[in-house]
Structures are given as C-alpha cells and as structure tokens.
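Participant: For the protein sequence lines, the chains are F and R, in the order given.
Every letter in the first sequence is one number past the one before it in the numbering used here, and letter 185, counting from 1, is 185.
Every letter in the second sequence is one number past the one before it in the numbering used here, and letter 162, counting from 1, is 162.
Don't read these hints as lab results, they were simulated from the structure.
Heads up, a few of these hints could be off.
For lysine-lysine, the following DSS-like pairs were computed, each having C-alpha atoms within a straight-line distance of at most 30 Å [said to hold, decoys possible]: (1) Lys133/F x Lys122/F; (2) Lys386/F x Lys116/R; (3) Lys91/R x Lys386/F; (4) Lys161/R x Lys369/F; (5) Lys134/F x Lys191/F; (6) Lys83/F x Lys161/R; (7) Lys166/F x Lys365/F; (8) Lys166/F x Lys122/F.
Stretch by stretch, here's where chain F covers chain R in the computed footprint (C-beta under 8 Å, at least three residues) [as the list claims (entries may be wrong)]: (9) 64-78; (10) 149-156.
Heads up, incomplete: computed chain R residues facing chain F, CB under 10 Å, no partners named [as the list claims (entries may be wrong)]: (11) Pro39; (12) Thr40; (13) Thr54; (14) Leu59; (15) Leu61; (16) Phe105; (17) Val143; (18) Gln162; (19) Leu200.
For each residue, glycine too, the CB sits at the ideal point set by N, CA and C.
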Amino acid sequence: MNIKVNRILFGLFIILLHSCQKKIGPEDVPVTSLSLLDSATAVSEKVKPLMEGVYSIRGDISNFGQDMVLKWNGASLSGFSSKNSSYIVLKSGEKNGNLYFEGYWRYAESQQTGLISLTLEKDNGASDLMIGKKPASIKIKGTLWDSKTYFNFEMNYIRPLSVHSKAFYIIGHRCGGRNSDRLPASENSLKMIPLSEQLGANAIETDVQLTKDGVPVLFHDDYLSTRLINETYMIGQIRDYTFAQLRALCTLKDGQKIPTLEEALEVVVDKTNLKLVWLDIKGTDVIKALAPLQTKYMNRALITGKKLDILIGLPDETNFNEYVGLNISQNHPAICELNEDFVRSAQAGFWAPRWSLGLLTDRVKQMQKEGVKTFIWTLDNTQLVKRYLATDEFDGFCTNYPSIVAYEYYSN
Amino acid sequence: MNSIDAQDTIEREAYFVYPKAFKKWHGAFLAGASITRLPTEVVEEEISTSPVLTAEYRLGLPKKWNLCLKLSSNYISNLGALHVSRSLINKKFALALGGNASMWFGHLELQAIKLKSYGVILSPQLTFGYDFRKYFLSVAAEVNYGFMRTFSNEEELATFKQNQSLFAIKIAIEQPLWKTHSFLLFSKLNYAQFYYQSWLSYSTLSDYLLYPEFGFAFII
C-alpha cells in the first residue's frame, strides 16, 4: 500500500487514541460576588425545618424542571431538581427581617454552572419562619445567571419533604462523587466530605489503602496516574511510597494532598452531620491498621452527641478472611459485598450487593428479617434510581450523584 | 509480473466501503476485526479497550441500490445491522446515501453482575469515496438514534432513549490484492453520548466523548 497513506492512517490512529486521553476532572464553581450576605447574620435554627420542602418553580427558566427539593445542611441551603439533574448550593444569611441566599447552580450531568441568588422577604413567609411559625405560604424570589444572561424566577412551597418509614442512607461514592463528575473538589479528598452533604448525601463511601509505612490513606485506583494526581513523574502504587513521600510529592487533581484516613474521619466527626462512613478496603492487611481508628472516631462522635457508624468494607474473600481471622466483628461493624452466606459468617450488619444483580426483592427482605441493612451500589442513573427507590426495600444507595437520589427520595 | 501488470489484473469491484454500486446481484464478503478505545470517564480502565470481530456481506441490487448485512461480536456485546443505500454518483468520485437499522444485544453474568441489555440503533449515513486506482479512499458520516432496555433476572430495570447519541466519521482505505479481494484499513472517530460497546457503564454523563475505533478486514 502507498506508504504515505499508511503513515497518514497510522498518524490519524495515534491522534484519535490520544484525543481519548483527555480527562474530565474536578471543576471550579463560580464564586459569588453579589454581596447580598454582607453584614447578614446566621439564619436561626428555627427557620430550617419549617422551610425545608418541595417547591414549585415558575419564571423564565425551564432548565430546572417544575419543582425543587430544598434542604438545609448546617448554614448551607441546597436544592435538588429533576431536570438536567440540576442542583444549587447556597450560603445563607438573615438581614432586615429577610432571608438571603447566594451561591451556585449546576447541572450534575454536564459542565454548565452559574451564580444564583434567592431572597425570602418578610412578607413572603420570612417573618413567620423567624419566630418558628409555619407560614401559610412561602415564596422565594430568585435570579440565576448563566454565562450569557440572567433569569428571574420564583419558588413556591408545595409540600414537606417525603417522610419514609425507615432511615435511608444516601451514600456519596468516593466521598461524594468521582473526578469525572466535575465536582469542585477531588474524589476521596477532605474538601469533598462536607461538600457531599451539600450535594444531598448523609453518608459517604471512601477507599482506603496503606502506604509503604502502613499509614491508611484515601485513594481509589490501583496505580498512581494523572486521573487522580497532577504529577506525571509519580508512578507505581500507593504502597510503593511512604506517607512522607506521598505528602511531599503528590497532589490531587484540585491541588489538595492525599488525605489520611484519620484526617478524613476528623472532618466527618467535627465538620459534618454524616451518619455513616463506608471504608472500602483496597489491598491486604488494611483492616488491622484501620480498626483502631474506627473505634476512636465512633467513640469521638458519641462524645459529641452524634451517632456515627463507621463500617469496614469487605469487598472480596481476602478481606473477608482477614476480618474473620481477626475476630473483631463484635466491636468493629462491617459491610460485606459478597453474598448473604458471607454476610452471616462475618456477622456483618450490612450487606452491599451491586445494583447489577437486579432488584433482589426476596433476598433483601430476608436479610432485613435477619437485622441486616442493605445498601445497593453504585446507582447513578436517574431511571435506575427511580426503579430501585420504587421497591422501597433498600436501606441506602451508594451513588456518584447524591443530588439525583436526594431529589427522588425527598420529593416522592 | 511488475506492479503495473498486477494492477491491471485487478477487477474494479475490489472494494466494500467505497460507495460505488456493485453490479446487480454481485456480492462481496468481508471479515475483520476492530478495536475501540472506550473513555475512562464512563468505563473502568481495565475494560477501556473493546475488540470486536466483524463479518459483513454486501450485495448489489438493481438501480444502484446496495444492501449490506453486518454481524459483529465480542461475546459481551453483539450487533446485527442491515444497511441499505443508493449510490447517487458512480464515477471515480462516488457517493451513496443510506441508513443502518441495527439491533444489539449485551449480556454479562458474573458474581456481581447479572445484566442483559438490548438496543435498537437507527443511523442515516452518507458515504463518499474516490478511486485512486491503487486504492479506494472512502469517508462515511453517520448519526445514531436509538434506545436501550436493561434487564436483570428477567426483570426490566430501565429503558433509555438515545437520541442523536453518536456522530461518527469513518475513513477507510481499501487496497485491492488480487481479483476482487482487498485489504481494508479504517479509522472511525465516534463522538458519542452512548456507544453500544460501553453499554455496561450506564454512564450518567451527558457529554459527548470520543470513542476512537481502528480496524482492518479482508474482502473475500
């Protein structure tokens, strides 16, 4: 064949393969500069439960769908809607009898984002809320900016958040989402932990590996690569490096350092209201190293008046055998991804089948009869989330899109 | 025999992708393989390379219509397609307009995965090519519309619509070897929200990502 043509085709092939190497990573969200919150004071705790609910959306915007779930997380107000899997994260403040909110909106499934501000005026329900009284109606006026223009819209309270018969865990995968989900923080990072709550999670899953000198750190992949870190010269596995080396040489995609498990649990206990942490074990001999930290931080949470479950993940038979061999099930709760026989043998209180095994109706019911909670993983797609929620069987979903699960769970 | 003599013995229907019409009821069979790079934004690194074996049969119909049947498989993902086109220009520069109707079926049963999915893809396609004597160069463009349904343990889990889920450009070079037998090399750039070989990922991203594909085949 013509040599030139061969070269052109080969070149094209290399270009095509290279083009596929382009990575989607963490992306910044716009920082508000609207100054609505200047000199505002913190919103009273009385306001929050009364204000939470499902709101209809009216106005110039159609990209949020017809309704939105509004839910508080500490001083932050989050909104989750059905269309485009969009969500909003807002700072809050109280000034002159009105409530002000400003922050960013984002479509979870794409890169579109922008600023948003909301105002709840005293005559539209703020006055009643501030004295702890449920108003007859709540009307929130808002303005939303995209890259080109701005839109005015209005939200009206329709109904309270759905109340379900049992506790449900919305578990943020890799502390809240993967790098490819374009969140404003790296997966498995300290910043991602409080962000997961703003995205709708009330629990997190994270990945634990040991460094060469036995320090448990959060990291998902088997190998260091530019998917997770910035340094192209760092090759090999986490266990090839001491913790000091990793700290000195490695940064996550958003510039943070690879966190230790201890640092992460400190953030969970001290800076969030998360109810559960699922430690997904990567590699061998990890369980022995993290078990003392599990006890320490569950106790620390109890002292601060929080009920926090920290679960040792058993993803495979190797870790199952290690856990059983250590004979620690009494004081070290575990979550087992293997079948029910393994769950029973490990005396794990939690079972985590993959969603791709199907709805598992009878098997989940049986485990619940035996007092075992069942979390399905990793459920991201809106239709699948609806389908699995409709069964009303599972005790929680592990997801990269807590905002999607939160909307479906609280609005239906 | 020198190369010019060898060229003279080549019959001019030694092509498959090149859109010039075959003689009525003339057929050609193609067997080959391709490899597609699936983006790691939607699949795990371990399964980001997807090889597929392909067999196709092209038949010349009256009035410059073409019919092509295609089967491809890598066991997990299997596709059958019917392609109908009409050659509108039949000179050295050739052009055909047509479309594919494809059905694909995916299945995987492992300890933690028991899934079956099937889907339908409809794709209008425009192909043009040029006969350079020593080889045929063809470029095909297509857009995909479709849907997919997913089941586990015979229970339906979801149906996904996939409108304009893929835009693709394929560049193919066919070199005649002897008689009507040829060797085909192609690069295909799929720019897709959904690509059937990555059906197991159930990605939530709505971005269009690149799925480069490279293949070869023998036309028998």
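Participant: Evaluate each hint against the coordinates.
Facilitator: Hints, verified against the model:
{"no.": "1", "hint": "Lys133/F x Lys122/F", "verdict": "holds, 13 Å"}
{"no.": "2", "hint": "Lys386/F x Lys116/R", "verdict": "holds, 19 Å"}
{"no.": "3", "hint": "Lys91/R x Lys386/F", "verdict": "violated, 55 Å"}
{"no.": "4", "hint": "Lys161/R x Lys369/F", "verdict": "violated, 38 Å"}
{"no.": "5", "hint": "Lys134/F x Lys191/F", "verdict": "violated, 34 Å"}
{"no.": "6", "hint": "Lys83/F x Lys161/R", "verdict": "holds, 15 Å"}
{"no.": "7", "hint": "Lys166/F x Lys365/F", "verdict": "holds, 14 Å"}
{"no.": "8", "hint": "Lys166/F x Lys122/F", "verdict": "violated, 36 Å"}
{"no.": "9", "hint": "64-78", "verdict": "violated (count 0)"}
{"no.": "10", "hint": "149-156", "verdict": "holds (count 3)"}
{"no.": "11", "hint": "Pro39", "verdict": "holds, 6 Å"}
{"no.": "12", "hint": "Thr40", "verdict": "holds, 7 Å"}
{"no.": "13", "hint": "Thr54", "verdict": "violated, 17 Å"}
{"no.": "14", "hint": "Leu59", "verdict": "violated, 27 Å"}
{"no.": "15", "hint": "Leu61", "verdict": "violated, 30 Å"}
{"no.": "16", "hint": "Phe105", "verdict": "violated, 16 Å"}
{"no.": "17", "hint": "Val143", "verdict": "violated, 19 Å"}
{"no.": "18", "hint": "Gln162", "verdict": "violated, 12 Å"}
{"no.": "19", "hint": "Leu200", "verdict": "holds, 8 Å"}
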